[in-house]
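When you get a sec, could you build the whole thing from the sequences and use the hints?
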Amino acid sequence: MADEQKTVLIVDDEADLREALKTSLEHEGYVVHTAADGEEGLSAALAQKPGLILLDIIMPKMDGTEVLEKLREDEWGKEAKVLVMTVADDLEKMADVIENGSDGYILKSDVTLQGVVKRVKEILG
Amino acid sequence: MIMNGRRGYRVTLTTFAVLIILFSGVIVFLLFFDERIPSEDLVPWLLFLAVSLITVIVFQSFRISHSAGEMAQHLARSEVMYSTELFTQLYNKSPIPYILLNSSGSITSGNFAAARLFGMRVNDLIGINVFERIDGEEKNIDRIATYPEKMREGIFVNDEEVRVARFDGAYRWVLLSLFPHFDPEGERESLLTLVDITKQKEIDKAKSEFVSLASHQLRTPIASMKWNMELMQAPQSGELEGNQKVHLEKISSAVSRMEMLIEDFLSVSKFELGTLAPELSRVQVNEIVREMIREQEHEISRKKIRVEELFHRTPIEIVSDTHLLRMAVGNLISNAVKYTPEGGTISVATESVGGILQIDITDTGIGIPEEDKEKIFSKIYRASNARSEEANGTGLGLYIVRESLRVIGGEVRFISKEGEGSTFTITLPQ
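Chains Y and G are the protein sequences, given in the same order.
Quick note: the first sequence, position 66, residue 66 per the numbering used here, numbers continuous.
Quick note: the second sequence, position 142, residue 142 per the numbering used here, numbers continuous.
Mixed in with the good hints there might be a few duds.
Claimed, not checked - Under the rule of at most 27 Å between Cα atoms (straight-line distance), these lysine-lysine pairs were calculated in the DSS-like manner: (1) Lys49/Y <-> Lys6/Y; (2) Lys303/G <-> Lys245/G; (3) Lys207/G <-> Lys379/G; (4) Lys118/Y <-> Lys245/G; (5) Lys417/G <-> Lys303/G; (6) Lys245/G <-> Lys22/Y; (7) Lys199/G <-> Lys375/G; (8) Lys250/G <-> Lys22/Y.
No lab work stands behind these hints: they were computed from the structure.
Next comes the structure, spelled out in structure tokens:
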């Protein structure tokens with residue numbers, strides 16, 4: 001669906017980061033939904049079926065890895081595109097996350113907003 | 001008892017001598033006043049009196065010196081006994097574990113603290129080969145393996161950090177010192193001291209973990225600041241007015257500096273915790289060096305520094321950890337730029353000789369004062385001229401260089417002359 005292709009869900013408990021990213025992506029023409037924790041993020045993902053989920057790892061209620069696991073159990077969710085965002089630089093842990101089926105990861109402290117937008121464009125076109 | 005008998009004998013002799021002197025004195029006195037006796041007859045009595053007096057004086061002097069000698073001997077004996085007792089008490093009850101080793105490294109004696117360290121009784125220590133119960137961090141294993149040889153060759157070991165395996169399965173971190181010497185029979189013997197630093201190590205670890213956690217936590221607000229500043233500067237946010245752009249650039253540079261500090265703190269805590277395992281991949285050395293020079297481009301052009309790239313004629317490829325090599329090279333190039341005055345020259349050379357990669361970074365900077373050279377790679381240490389030249393350094397850069405190279409099996413060394421410049425050389429096996 002064309003709408004799905006242009007829809008991004010940002011799941012991050014950091015409001016400042018979430019809002020900055022939302023503004024940038026909206027400026028590029030994406031429809032952006034947000035969620036402030038893992039539980040909210042999972043139900044929003046399953047309800048809205050976005051073209052891409054930007055998923056933080058360290059979050060209250062349910063962390064990113066658990067969201068990813070649960071998402072992959074869902075019929076739609078197992079094919080959903082997920083870009084993991086983190087500040088952790090523990091690449092071993094990240095390797096596990098990627099193996100769990102994400103479409104890559106972003107180190108939030110290393111990347112600019114334009115860098116994130118570029119990655120989103122690469123995935124969604 | 002013997003002393004008392006001698007003293008009684010001497011008292012009798014003295015009394016006898018005094019009586020004789022008195023007797024001859026009285027006779028001389030009587031004869032002197034008796035006018036019937038010619039004065040020539042006094043001579044033998046006077047001689048007798050003189051001889052008696054001299055005898056008594058000589059005898060008394062001899063007695064005094066003899067008893068002084070005896071007293072000195074007695075004192076010396078007491079001192080030896082006291083020293084022996086003091087030594088025994090100090091050795092046995094010292095809070096520092098002392099151990100005596102024979103030439104094969106087996107324990108011949110240990111004090112209470114040593115027994116406590118190993119978790120056993122003093123007598124049970126005897127015969128244990130102490131070197132079989134010592135290990136340490138991986139980077140120190142080769143050094144630790146040389147202790148038996150050092151002991152045999154009489155080489156001292158001072159305050160080296162090792163781990164001791166107790167007999168209950170637990171471990172203790174200690175500072176080991178080894179002092180080989182010869183015993184009275186000419187056999188090789190060594191004193192081993194093991195100062196327990198387990199608590200300090202635990203505190204150090206907790207501190208490093210805290211720094212690591214705090215630095216991680218700071219990354220999120222920094223990312224937030226950077227993204228929001230980027231939004232402010234983005235065209236869709238509208239034109240910035242007046243000095244807003246200048247102020248925003250200042251904030252941006254402060255945030256970048258804070259970010260670098262946090263990365264440094266994180267790196268240091270990882271080195272200290274030993275959690276940094278190298279991630280090996282094929283690395284293009286010339287590319288990394290070029291990239292690290294590019295990162296300093298802004299400062300290089302601001303200070304009008306000339307940079308010479310003297311790279312190996314063909315690309316050098318090694319298998320190493322890109323991140324760690326970048327950290328080492330990046331810090332050295334950033335230092336060269338930071339401490340080279342305007343209009344100076346920096347040359348960066350790469351070479352591959354006999355399976356060894358060598359990177360030389362030479363500057364015409366402030367150089368390192370002679371008295372600072374030894375400590376330059378210590379954590380949070382800055383040379384005196386570096387402190388006055390550049391107030392903002394953390395003193396972590398060269399520590400990070402040394403430690404990151406250590407993880408990938410490399411080394412760093414330097415030659416430097418204050419006021420003229422420095423050359424730092426990285427060597428890495430290919």
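Checked hints:
1. Lys49/Y <-> Lys6/Y: It holds: about 11 Å lies between the C-alpha atoms, which stays within 27 Å.
2. Lys303/G <-> Lys245/G: Status holds; Cα separation ~23 Å.
3. Lys207/G <-> Lys379/G: holds (14 Å)
4. Lys118/Y <-> Lys245/G: Given that 27 Å is the threshold and the Cα spacing comes to 25 Å, the pair holds.
5. Lys417/G <-> Lys303/G: holds (21 Å)
6. Lys245/G <-> Lys22/Y: The hint holds at about 24 Å.
7. Lys199/G <-> Lys375/G: Judged against 27 Å, a Cα distance of about 26 Å means the pair holds.
8. Lys250/G <-> Lys22/Y: Holds, because 26 Å separates the two Cα atoms, which is no more than 27 Å.
Of the numbered hints listed earlier, not one is contradicted by the structure.
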